[in-house]
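Participant: Residue-level listing of the chains:
Number of protein chains: 4
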Amino acid sequence: MLWGGRFSKKPKEALLEFNSGENVTLDSRLVTYDILGSVAHVKMLKKQGILQAKEADEILNALKQIYKKSENGEFELTKDLEDVHTAVENAVTKITSNGKNMHIARSRNDQVLLDMRMYMRDEIINLLEIISSMQEALTKLSKKDSVFPAYTHTRIAQPITLSFYCDSYVKSLDRDKGRLMDCYKRVNQNPLGAGAVAGTSWNIDRKYTTELLGFESVQENALDTISSRGEMEAEFVFALSMVMMKLSKISEELIWLSQKGLVIIPDDYCTGSSMMPNKKNADFLELIRGRTARIYGNLMHILITLKGTPSGYNSDSQETKYALLSAINTTTLAIQIMADVLPKLEINESKVKEELEQGFSQATEIADLLVKKGIPFRDSHKLVGELIQYCESKGKVFGQTSSTEANKIMNVKLSEKEWIATTSLLRERLKTKITFQKSDFAENEKRKLEKIGQNLIGA
Amino acid sequence: MLWGGRFSKKPKEALLEFNSGENVTLDSRLVTYDILGSVAHVKMLKKQGILQAKEADEILNALKQIYKKSENGEFELTKDLEDVHTAVENAVTKITSNGKNMHIARSRNDQVLLDMRMYMRDEIINLLEIISSMQEALTKLSKKDSVFPAYTHTRIAQPITLSFYCDSYVKSLDRDKGRLMDCYKRVNQNPLGAGAVAGTSWNIDRKYTTELLGFESVQENALDTISSRGEMEAEFVFALSMVMMKLSKISEELIWLSQKGLVIIPDDYCTGSSMMPNKKNADFLELIRGRTARIYGNLMHILITLKGTPSGYNSDSQETKYALLSAINTTTLAIQIMADVLPKLEINESKVKEELEQGFSQATEIADLLVKKGIPFRDSHKLVGELIQYCESKGKVFGQTSSTEANKIMNVKLSEKEWIATTSLLRERLKTKITFQKSDFAENEKRKLEKIGQNLIGA
Amino acid sequence: MLWGGRFSKKPKEALLEFNSGENVTLDSRLVTYDILGSVAHVKMLKKQGILQAKEADEILNALKQIYKKSENGEFELTKDLEDVHTAVENAVTKITSNGKNMHIARSRNDQVLLDMRMYMRDEIINLLEIISSMQEALTKLSKKDSVFPAYTHTRIAQPITLSFYCDSYVKSLDRDKGRLMDCYKRVNQNPLGAGAVAGTSWNIDRKYTTELLGFESVQENALDTISSRGEMEAEFVFALSMVMMKLSKISEELIWLSQKGLVIIPDDYCTGSSMMPNKKNADFLELIRGRTARIYGNLMHILITLKGTPSGYNSDSQETKYALLSAINTTTLAIQIMADVLPKLEINESKVKEELEQGFSQATEIADLLVKKGIPFRDSHKLVGELIQYCESKGKVFGQTSSTEANKIMNVKLSEKEWIATTSLLRERLKTKITFQKSDFAENEKRKLEKIGQNLIGA
Amino acid sequence: MLWGGRFSKKPKEALLEFNSGENVTLDSRLVTYDILGSVAHVKMLKKQGILQAKEADEILNALKQIYKKSENGEFELTKDLEDVHTAVENAVTKITSNGKNMHIARSRNDQVLLDMRMYMRDEIINLLEIISSMQEALTKLSKKDSVFPAYTHTRIAQPITLSFYCDSYVKSLDRDKGRLMDCYKRVNQNPLGAGAVAGTSWNIDRKYTTELLGFESVQENALDTISSRGEMEAEFVFALSMVMMKLSKISEELIWLSQKGLVIIPDDYCTGSSMMPNKKNADFLELIRGRTARIYGNLMHILITLKGTPSGYNSDSQETKYALLSAINTTTLAIQIMADVLPKLEINESKVKEELEQGFSQATEIADLLVKKGIPFRDSHKLVGELIQYCESKGKVFGQTSSTEANKIMNVKLSEKEWIATTSLLRERLKTKITFQKSDFAENEKRKLEKIGQNLIGA
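Protein chains in written order, with our numbering: chain A, 42 to 500; chain B, 42 to 500; chain C, 42 to 500; chain D, 42 to 500.
What the hints contain is simulated information worked out from the structure, not anything from laboratory work.
Careful: at least some of the hints might be erroneous.
The list treats identical chains as one, so a pair stands whether inside a single copy or across any two.
Stated by the list, open to error - Within a straight-line C-alpha distance of at most 16 Å, the following computed EDC-like cross-link-like pairs (lysine to aspartate or glutamate) qualify:
#1 105 to 115
#2 487 to 98
#3 472 to 261
#4 120 to 170
#5 321 to 309
#6 489 to 257
#7 449 to 115
#8 141 to 170
#9 84 to 484
#10 248 to 446
#11 435 to 246
#12 301 to 398
#13 301 to 395
#14 120 to 98
#15 487 to 459
#16 479 to 177
#17 248 to 96
#18 53 to 252
#19 301 to 58
#20 53 to 308
#21 120 to 99
#22 248 to 163
Starting from the given sequences, assemble the full structure and let the hints guide the process.
Facilitator: Given below as structure tokens:
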């Protein structure tokens with residue numbers, strides 16, 4: 042353990058287990074970042090003359106050895122060490138006793154912040170790319186363009202097109218990418234050097250580590266830096282909540298559209314019932330809904346944790362790691378599944394048309410036509426309402442009603458051609474060629490961070 | 042898989058993984074219950090003549106074999122099988138092809154409900170006992186009875202005693218046990234026989250399985266039964282949220298009381314800082330606060346999941362299993378740690394007295410005395426306020442103020458004896474002998490359920 | 042103001058407004074309880090000789106006058122007084138200067154607890170009765186008994202009956218009433234006498250006020266009592282969350298069932314669109330869903346507030362009043378609307394049958410029949426799956442398929458009669474005569490509490 | 042009402058009340074925006090020749106009249122009209138029957154989105170300015186610069202300065218402003234023209250209304266636009282949650298720091314107890330904590346509402362208005378109170394020093410010095426730990442310990458001068474001159490939007 046001089050007894054095992062919680066599992070995601078961060082820290086200590094060159098080089102060599110081990114899956118975290126920081130430092134010290142000095146001018150408080158920031162950077166970039174792949178999937182699906190239903194209040198509203206529908210989610214996801222990039226800005230600040238809570242009296246060079254680690258700038262105030270543990274996590278998980286909320290909406294829609302036969306989900310995405318031979322269930326869509334609730338729970342977990350503590354470091358914040366990783370894993374997987382299935386969906390056009398006809402979806406178009414004929418809008422709205430009442434009483438849809446009947450009921454004079462055109466379900470104006478930005482930002486950052494890593498650890 | 046006749050393609054692997062989620066881990070907690078439930082189901086099918094005696098006995102034998110295996114840790118769930126139900130049925134069918142019939146008149150929908158109810162019964166009983174052990178710990182601590190501070194608005198209010206403080210949590214936890222027992226009533230209803238959603242046309246005997254499995258009664262309406270998945274889970278996790286909320290409060294209090302030196306937490310429950318040699322932190326208390334937020338997140342997870350679906354079975358509800366198990370594990374561990382540490386706390390009586398003096402904690406007692414002397418309450422309240430202003434201006438506490446001074450400021454005539462008695466910090470009337478019910482209920486239910494298990498599986 | 046002796050400056054107006062928040066509105070619900078509670082308190086002070094008989098009687102008279110005023114709507118709360126307690130005490134003091142003594146041996150801390158407990162008792166009773174009225178509404182609806190669809194995974198599962206559907210919610214609501222009654226037990230404890238946090242040195246008689254106010258027992262430990270502010274509120278709002286969750290489910294179902302035309306919602310419960318003449322939306326059902334989210338928010342509000350404070354009184358808890366009242370108002374109104382509309386729903390039986398046929402809802406029944414004919418269950422399950430594949434390829438439902446075809450595909454020998462009986466959609470066994478307990482408990486408690494009120498305030 | 046042609050019965054009153062909810066109150070905040078939006082819409086209809094010039098001008102005149110009325114407080118919303126849109130249109134139609142046509146090519150769905158976006162723009166700008174004023178308040182407070190304590194784990198960590206503390210919150214709030222500005226980008230998109238869900242067949246000019254209303258760009262896809270109701274609200278309330286979380290932290294800190302006497306809160310921000318004359322409570326700080334929980338509840342309310350619906354318009358989203366307004370009001374008020382009180386706080390420097398000494402806050406500095414003397418970091422950490430054990434056993438702090446003693450215990454050779462310098466509590470390097478950006482952005486946008494309003498409605 043990295044402390045203990047002041048204590049008369051050692052903490053008990055059960056307690057250590059309670060304290061470390063899921064750290065062994067969670068921290069395995071952080072090993073690489075912890076090593077790279079330590080490399081940058083030690084290089085800076087060397088440059089500043091805080092560590093002697095030889096001393097520093099021995100530590101750096103040890104760190105590189107551990108990095109290789111870790112890459113080969115030979116560096117495992119164990120329960121007896123408190124966390125990833127302790128594990129890495131201990132491993133270094135086994136190789137060279139100079140390891141005892143690598144923690145100069147650093148605390149686990151700024152170290153864990155550093156690890157988390159580096160981890161979040163990578164995951165944001167990854168999510169930006171995965172969201173783009175979902176937008177591509179929507180674009181592919183939109184190529185099967187056809188008439189499609191738009192609902193409001195879960196009732197048929199107006200006819201749209203499949204490409205218009207797909208485009209709506211592409212545009213919506215653009216905002217999600219925007220939120221993730223905004224979050225990235227705030228994540229991409231260097232916390233190293235904040236020490237425990239008040240910086241350090243050592244003459245460190247924070248700009249240098251900022252450069253080495255590829256951060257955009259230094260997060261200046263040390264107390265603010267330490268207190269911000271969890272803040273970026275909250276913003277990140279909020280952004281994921283919004284993505285999942287949209288996946289939940291698509292899922293809800295596909296469940297119902299497929300239940301009605303308007304959309305067909307491929308068999309190999311469905312499961313059956315152990316009792317009822319007639320069932321074909323799209324479990325994954327229901328699970329996406331349920332896991333959206335999980336992400337909301339993760340968000341609350343983080344927010345409530347943050348509310349409950351004063352500023353400075355508090356162990357409560359360890360919990361934000363757990364919630365964040367859960368949210369990232371769940372969301373990533375859900376988007377991937379969705380991106381995979383979307384292009385494979387089939388539309389049953391005739392059923393779509395039936396649905397649209399039965400919902401009198403052309404009503405607004407007819408009312409607009411009446412207005413163009415000089416009838417005030419509120420009055421035409423009423424007249425079409427009356428026409429629908431007539432149709433319903435006769436058990437007909439617009440497509441089965443003649444212009445003569447329509448004219449009589451509404452006391453207007455539409456030509457047969459006008460009537461046909463207006464009651465058609467095709468909406469040329471809504472056919473949409475989808476455009477969206479593939480994430481250049483993500484691509485560039487990714488390449489940049491890869492180089493940063495290579496520079497730190499050597500080719 | 043237990044279905045597939047209707048399908049043209051098999052679900053893909055990634056999808057199955059997404060669908061099964063953490064089932065492999067979570068369901069390992071359910072194996073025993075799944076087997077016992079199947080034993081009861083098959084016994085009933087035999088009794089009703091739905092299965093022939095020989096056929097049934099072969100299945101029962103197979104189930105007992107698997108039970109033994111499971112007890113020896115030789116029955117492991119794997120990812121390729123969807124869930125515990127599939128795993129158990131497949132294992133039976135490997136032993137006897139009659140296994141193919143054990144699912145007659147049953148669905149996984151009522152089966153998973155059954156497993157969860159049996160699991161929840163055991164966990165509620167366990168928690169009742171653990172809470173009792175925490176009450177015992179508080180009782181032990183109360184034996185070190187001493188003056189203790191009571192705060193309102195985080196400011197010193199009045200002097201109390203340690204035993205009074207301990208008793209307040211014992212009483213509070215009594216209500217939590219009450220909530221868990223109330224929840225138990227609703228959990229302890231037999232769902233088996235509800236089938237997929239509409240019962241079954243087989244001539245089953247639900248009362249018989251109710252008896253075999255030790256339930257209090259049958260949950261009658263099949264649709265209600267299936268729809269109630271998650272409802273008991275929500276109530277259970279709510280009850281745990283309340284317990285954790287209280288643990289969070291104690292933790293908050295101990296953090297502050299120990300920071301001020303009024304209470305001393307044993308060294309072996311504390312951890313240090315990797316950077317600051319002066320730190321002695323009670324991490325576990327902070328983690329309890331943070332994990333309370335986790336439980337709240339679990340509760341939201343379940344509630345939101347339930348809101349998002351129509352009645353009948355929906356896969357979303359699978360998520361409630363995850364949230365429930367997380368909440369149970371976390372809460373159980375937290376109570377145990379707390380029960381362990383409480384009796385080991387030490388009170389620094391002189392510091393407590395200093396704190397109480399500096400907070401003018403005897404003010405109410407003085408005001409009450411003035412009222413007894415004939416001064417209206419609102420006026421005596423004001424007079425004591427003025428006395429405090431005087432003391433503050435002199436930098437004194439009541440204990441350092443003479444009756445003469447007090448009388449002069451308040452324009453009253455208290456005798457020296459009255460003044461001494463009133464400003465003393467001892468509160469004999471608040472010394473409390475703690476009483477609480479050790480959970481006979483839990484003890485009895487536990488024994489009953491153990492017998493039930495033995496009867497089902499054989500000695 | 043009821044304090045101020047110790048202070049050099051008065052709090053500023055903006056601050057007082059911030060502090061009192063919505064108190065003026067919220068506390069208007071508490072006036073009656075505050076007065077009744079004060080009557081009981083003063084009667085006790087008189088009986089114990091703490092107040093002289095004459096003095097006490099003058100206060101009691103004043104309280105009765107204010108009570109009358111309040112009943113006539115002539116007692117209004119204003120922003121300049123901090124809260125209901127201050128308003129009532131000031132009003133008494135205006136009538137008789139003895140009012141200055143009515144607060145002896147009491148604090149606003151136990152007083153607000155008392156008001157809230159009395160308020161919650163009344164609201165729980167009210168909600169029990171309103172839930173019963175919804176169960177009656179479901180019973181009425183069930184009289185229109187007909188074939189009805191049961192879904193799992195939002196796909197047709199099996200045919201049920203309307204009465205079976207209605208019964209499922211009646212049974213479900215029984216558990217909600219159970220939860221409310223369990224909550225009532227914990228609410229129905231007398232907090233008066235707990236003082237600020239540590240009781241009082243006055244010789245009060247808590248049993249006597251318990252009797253006068255109709256509580257079941259005394260909540261003994263004063264610190265526990267004060268700390269329990271918000272705990273009962275949380276439990277109450279949790280119980281309401283569960284009710285609303287179920288209303289959200291019914292709403293979701295009715296939205297979809299009416300969208301598909303299986304259920305008809307009366308016109309006068311629907312609203313239209315300002316733009317689209319074809320729309321008929323059941324806004325209230327959507328709002329019930331949205332307000333369920335509100336209640337969940339209220340629950341989180343309370344739980345998070347409770348987590349964030351140490352024990353004893355903290356002003357944070359004032360927020361629980363706001364959240365509770367919001368939850369009660371919203372839930373009460375939602376149940377009433379639902380109870381009103383349910384009996385007016387109409388079922389379109391032919392559409393229901395079409396839905397059930399298209400979902401091959403008879404599949405389980407057919408599989409069960411095959412088992413009875415000696416085919417192992419897992420095999421019959423597969424055979425029926427294959428029959429469905431055949432029907433789908435022919436564009437037929439079971440009702441359009443002959444026994445000959447069925448026998449051929451499944452390689453079995455069902456008689457025409459068996460085939461007809463099994464594929465019929467009628468489920469006699471599921472026709473349900475609904476039973477439920479009208480809340481005698483609520484009725485009795487209500488009468489009891491009315492008497493208590495009359496005894497306190499005079500005829 | 043704006044619809045009704047299709048209906049046979051009118052909705053009942055109770056139902057309308059349930060449906061409109063708090064609309065009468067909430068929508069009063071939207072009247073101005075609704076009128077301005079209508080002006081822009083009608084101007085566009087005129088420009089496009091959809092309305093004749095004379096017709097349009099009459100409507101515009103009517104709208105201006107209503108605007109004036111509204112400014113003078115003479116335009117009140119009433120319960121019988123569904124919402125603000127209906128109220129304004131009806132008022133116009135009373136003045137000129139051409140009002141019947143002002144809704145051409147528009148739906149209440151895009152109209153309410155427009156109102157909300159305009160409302161949110163103003164509120165974001167307002168909040169940016171209020172947050173700046175809190176940063177100014179922190180700057181003012183920092184001028185009273187003094188030694189100040191930094192805690193981690195609620196234990197003394199290291200000495201800092203007041204200005205460093207203040208700066209940490211200024212920097213933290215900078216990120217909050219960043220989040221609000223990021224949100225503003227997404228809010229500042231023109232939804233008008235999206236119609237009910239699928240745009241309109243009228244030849245409208247969305248760029249023109251975008252310009253008139255000062256939006257940055259058009260939100261293109263109509264379905265996406267309608268579905269995005271609540272999304273910006275969620276992001277806004279999330280940003281507010283983060284602000285409130287920080288206010289909750291400051292509040293928590295001030296409660297404790299003032300309880301210990303390190304910080305003094307002015308009397309006129311405090312309240313007393315009705316029972317205990319010794320109490321001086323900072324209610325507003327506790328209420329800020331409690332209202333943070335309220336905002337979290339609002340956030341959950343919105344997020345859960347959004348999850349529960351498919352895309353397109355659903356009435357559930359009406360609830361997001363309620364939650365948003367609650368969150369904005371609460372947060373605005375809380376920041377204002379905090380900005381008001383901060384500069385008035387006083388620091389008790391001698392008590393701060395005592396706290397820092399008792400927490401051995403100079404330990405890290407001493408350990409660093411030992412390292413500089415050539416002792417490996419892990420070893421010096423241990424030595425200082427042992428020195429603290431020694432001091433504690435002697436009941437001393439560092440300031441009461443001589444260099445000789447220290448040297449002996451740690452077996453080192455520090456000069457008296459080094460010892461004095463290191464154990465001093467002054468941290469010159471942490472004295473901070475606060476810098477932050479006053480929100481030029483807010484200032485500019487505000488001026489721009491005011492001009493937009495004047496242009497639309499006339500001088």
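Participant: Taking the hints in turn, state whether each one holds.
Facilitator: For each hint, the structure was consulted:
In this assembly of identical chains, residue 105 and residue 115 lie within 16 Å of each other by CA distance solely inside one copy; the values are 13 Å within and 41 Å between copies. Within a single copy, residue 487 and residue 98 get their C-alpha atoms no closer than 28 Å, and across copies no closer than 56 Å, so neither meets the 16 Å cut-off. In this assembly of identical chains, residue 472 and residue 261 lie within 16 Å of each other by CA distance solely across copies; the values are 13 Å between and 51 Å within a copy. Taking the shortest Cα distances, residue 120 and residue 170 never come within 16 Å of each other, neither inside one copy (35 Å) nor across copies (28 Å).
For the homomeric pair residue 321 and residue 309, the shortest alpha-carbon distance inside one copy (10 Å) is at most 16 Å, but the shortest distance between copies (37 Å) is not. Taking identical chains as interchangeable, the C-alpha atoms of residue 489 and residue 257 lie at most 16 Å apart only when both belong to the same chain, with a minimum of 12 Å there against 32 Å between chains. In this assembly of identical chains, residue 449 and residue 115 lie within 16 Å of each other by CA distance neither inside one copy nor across copies; the values are 84 Å within and 45 Å between. Taking the shortest Cα distances, residue 141 and residue 170 never come within 16 Å of each other, neither inside one copy (41 Å) nor across copies (46 Å).
In this assembly of identical chains, residue 84 and residue 484 lie within 16 Å of each other by CA distance neither inside one copy nor across copies; the values are 28 Å within and 45 Å between. Taking the closest pair of Cα atoms, residue 248 and residue 446 never come within 16 Å of each other, the shortest separation being 79 Å inside a single copy and 40 Å across copies. Taking the shortest Cα distances, residue 435 and residue 246 never come within 16 Å of each other, neither inside one copy (83 Å) nor across copies (39 Å). With identical chains, the CA atoms of residue 301 and residue 398 are at most 16 Å apart both within one copy (15 Å) and between copies (13 Å).
Both within a single protomer and between protomers do residue 301 and residue 395 lie at most 16 Å apart by alpha-carbon distance, with minima of 11 Å and 12 Å respectively. Taking identical chains as interchangeable, the C-alpha atoms of residue 120 and residue 98 are never at most 16 Å apart, the minima being 30 Å within one chain and 46 Å between chains. Taking the closest pair of Cα atoms, residue 487 and residue 459 never come within 16 Å of each other, the shortest separation being 56 Å inside a single copy and 48 Å across copies. For the homomeric pair residue 479 and residue 177, the shortest alpha-carbon distance inside one copy (9 Å) is at most 16 Å, but the shortest distance between copies (41 Å) is not.
For a Cα distance limit of 16 Å, the shortest separation of residue 248 from residue 96 qualifies neither inside one copy, at 22 Å, nor across copies, at 65 Å. In this assembly of identical chains, residue 53 and residue 252 lie within 16 Å of each other by CA distance neither inside one copy nor across copies; the values are 42 Å within and 45 Å between. For the homomeric pair residue 301 and residue 58, neither the shortest alpha-carbon distance inside one copy (51 Å) nor that between copies (27 Å) is at most 16 Å. In this assembly of identical chains, the alpha carbons of residue 53 and residue 308 lie at most 16 Å apart only when taken from different copies (10 Å versus 54 Å within one copy).
Taking CA atoms no more than 16 Å apart as the test, residue 120 paired with residue 99 passes in neither setting, with 27 Å inside one copy and 45 Å between copies. Neither within a single protomer nor between protomers do residue 248 and residue 163 lie at most 16 Å apart by alpha-carbon distance, with minima of 21 Å and 38 Å respectively.
Figure legend: structure checked against the earlier numbered hints; hints not met, in rising order: 2, 4, 7, 8, 9, 10, 11, 14, 15, 17, 18, 19, 21 and 22.
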